[in-house]
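Asker: Got chain W sorted already, so can you dock chain S onto it with the hints?
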Amino acid sequence: MSDTHEETIRFVRDSMLPQQEPPATSTGVIGWGRKNLFSTPLNAVVTVLSLALIYYVLSGILPWVFQSVWVADSLAECREIFLERWGSTEGHACWAVINERWLQLLFGFYPSELYWRPILAFILLLVAVAPVLFPWASNKLLVVTAVFPFVMPWLLWGGTIWTPLLVAAGFAFLYFGPKHGSEAVGSLAAVIISVVAALIWWMFIVGPLSGLLSGIVPIGLEPVDSRNFGGFMLSILIGVVAIGCSLPIGVVLALGRQSDLLIVKAICVGFIEFIRGVPLITLLFVASTLLNIFMPPGTNFDIILRVMIMVTLFASAYMAEVIRGGLAALPKGQYEGADSLGLDYWQAQRLVIMPQALKISIPGIVSTFIGVFKDTTLVSIIGLLDPIGLTNSIRADAAWNGIYWELFAFIALLFFIFCFSMSRYSMYLERRLKTDHR
Amino acid sequence: MKKSVFLGALTVAGLAAGAAAAATVDDVKSRGKLNCGVSTGVPGFAAPDANGEWQGFDVAVCRAVAAAVLGDPTAVEFVPTTGKTRFTALASGEIDMLARNTTWTFSRDADLKFTFVGVNYYDGQGFMVPKELGVTSAKELDGATVCIQTGTTTELNLADYFRVNNISYEPVPIETNAEAQQQYLAGACDVYTTDASGLAATRATFEAPGDHVILPEIISKEPLGPLVRHGDDEWGDIVRWTLNALIAAEEYGVTSANLADLSSAPTDNPEINRLLGTEGNLGEMIGLDGDWALKAIGVAGNYGEIFEKNIGESTPIGLARGLNAQWTNGGLIYSPPFR
Chain W
0 MSDTHEETIR FVRDSMLPQQ EPPATSTGVI GWGRKNLFST PLNAVVTVLS
50 LALIYYVLSG ILPWVFQSVW VADSLAECRE IFLERWGSTE GHACWAVINE
100 RWLQLLFGFY PSELYWRPIL AFILLLVAVA PVLFPWASNK LLVVTAVFPF
150 VMPWLLWGGT IWTPLLVAAG FAFLYFGPKH GSEAVGSLAA VIISVVAALI
200 WWMFIVGPLS GLLSGIVPIG LEPVDSRNFG GFMLSILIGV VAIGCSLPIG
250 VVLALGRQSD LLIVKAICVG FIEFIRGVPL ITLLFVASTL LNIFMPPGTN
300 FDIILRVMIM VTLFASAYMA EVIRGGLAAL PKGQYEGADS LGLDYWQAQR
350 LVIMPQALKI SIPGIVSTFI GVFKDTTLVS IIGLLDPIGL TNSIRADAAW
400 NGIYWELFAF IALLFFIFCF SMSRYSMYLE RRLKTDHR
Chain S
0 MKKSVFLGAL TVAGLAAGAA AAATVDDVKS RGKLNCGVST GVPGFAAPDA
50 NGEWQGFDVA VCRAVAAAVL GDPTAVEFVP TTGKTRFTAL ASGEIDMLAR
100 NTTWTFSRDA DLKFTFVGVN YYDGQGFMVP KELGVTSAKE LDGATVCIQT
150 GTTTELNLAD YFRVNNISYE PVPIETNAEA QQQYLAGACD VYTTDASGLA
200 ATRATFEAPG DHVILPEIIS KEPLGPLVRH GDDEWGDIVR WTLNALIAAE
250 EYGVTSANLA DLSSAPTDNP EINRLLGTEG NLGEMIGLDG DWALKAIGVA
300 GNYGEIFEKN IGESTPIGLA RGLNAQWTNG GLIYSPPFR
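Same order as they appear, the protein sequences are chains W and S.
Residues in the first sequence are numbered from 0 upward in steps of one, following numbering that gives the first Met the number 0.
Residues in the second sequence are numbered from 0 upward in steps of one, following numbering that gives the first Met the number 0.
There's no promise every hint is true.
Where chain S lies over chain W, by a calculated footprint (3+ residues, C-beta under 8 Å) [to be verified]: (1) 98 to 112; (2) 376 to 389; (3) 398 to 411.
Simulated from the structure, these hints should not be mistaken for laboratory data.
No experiment lies behind these values; they were computed from the predicted model shown.
From the three backbone atoms N, C-alpha and C, an ideal C-beta is built for every residue, glycine too.
Pulled out of the complex, with its shape left as it was, chain W reads as follows (with noise of 0.2 Å):
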């Protein structure tokens, strides 16, 4: 205590009191809650009711998914097992049927005996997109990602293993033609001679070949028919391929769309305001029934390939809508300094243009990514057993007949973990690209 002013002023504190603690009600869950939900009156009442909506929900669906089924023969012992426990059938779930057919879902109707197959494709899936999705991945598992394409159809179709060899051979002609041609007939003849002589190899070389090949060294897996294949399994293939090939197949028909080249420029883009303006339940319709009725009776082109083609067809166009998007976002500029460096056009594009065309894209690439995913299920329309397919199958079944929710729960459970994943790579990827700007 200091008496200085103790003539003029009664009281003077000259030392800090000591920091107190913020009042209860403004710290803590309270404080927050105050803050947060409760601080007008309006808010207030949002809140209470939200709360008992929440409560509302969750009072129907945690007693459902928890108070359940996992062990029965049929829903006729499911709904008897309910009654004999609860009491009523009422708002519980019977995963019996998910439990007797998860593989069924996971697989369609691939031999049990040949599961390793699929499970190693996947797996191979994941190395392989790895190096080009993560910078932590090593650089040499690009070799898987180059051997995936030829790997994957060997391993889930089977056959002699010279097929998928001898059709990568004839990527030979692609790589080495131009590069040694050029000199001896001029750049463009060379890509042409090329990619006829690899068109030649595939399409009458690489049979007889392999089949000659498989005869003197018998090496390979035991067949699977297409029409074995489902489930999830059949989803993941034709998302995986359509993503695969819609990516690069976009990027080229977006630089076509907005090249200077009139033919090149009409095709990509009738093509893509063609596709673009069909739904793609037609596409699959035309790939089921009219591919039909145009081929001659025995042929067998196989309904998945078709079908594939389609969906790729249908992700490519919307794709190059994405990217032209990104194209067209980039300032003129960017163009211009790459032409002021002197470089050609596929250089330009290469270490220019495109990666941050691709960049400004993400978000409009993934979100097509994810819906050509879903859009699998729409095979099921064209009779092919994709899970939704499934769903009715087994409902055809006698013992579970009349069950719904728990088949569709499980598929939408698993096509969320999917998509999630995929919106939550993008954000990642965004992240570490940082598009922008700021």
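Answerer: Showing chain S alone in chain W's frame:
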């Protein structure tokens, strides 16, 4: 691989164009498999079990034909078809025969150029209503909301029936049977109408089947049977007489239990002998082995046994024979003589 399949397919297409006229039975034999179109799932008629094996009343016809032609009831490639893809699949040759509860109609036979080889189930369209509605006849349904699958003959039958009886209704269009069941249970419509076999199967899955009644009126004729393409009568004969063999076997009392006995040596009944190939050369006449019918019946027994096992009264679907009893028991199931 992908590309080679595609290009290979084109090559095959070119080759096949030259040999398009080959007989179906030869195709099936050289392929070693019967491509049989079935539905993607109709309770009791066609459904894959937990092991992926197809089971059901329609599936049994496919298996019988495969056994008769190839001697192996498992040599069948089941091609699931929807109501929209079934006819193109058959017309384009993707499948050799269609056994998918398909109604035999004039236009499908004549205009779509198919041959219905017979009838394996006589169905008809019926109505199901909740008991509490207190309706006892379809004629009391004036003003009712009706759940109806779009794009089917049932939709047209319904319109015809209500017009003839001069009563009104409000349709609730539904895409699939499963959706219809849910809508009906949720009370979105007063009445659910589809084939009577489907109604029985649906009602059996309800938690309280007793709360719903199937009205006595059957408003349409729905003869369901297997079909093949026009223009290959030999193949049509094989499918037709395989079906007839199953039916005749029931009539003559040939069952899976006594099949081995009856076929080991000629019996006193010449008709059974001809059917089972111990006498005469019926198999030769349709280009198959003498014991073709024996193999077909050996898969799952005669028509009656197949019926009981898949959709009969002991199953959850619980259909009575009714119209589908043998003609000797007052039904319509009747095979021409094996002679």
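Asker: Could you run down the list of hints and mark each one as holding or not?
Answerer: Here is what the structure says about each hint:
| no. | hint | result |
| --- | --- | --- |
| 1 | 98 to 112 | holds (count 6) |
| 2 | 376 to 389 | holds (count 7) |
| 3 | 398 to 411 | holds (count 4) |
Against the hints set out earlier in the document, no violation occurs for any number.
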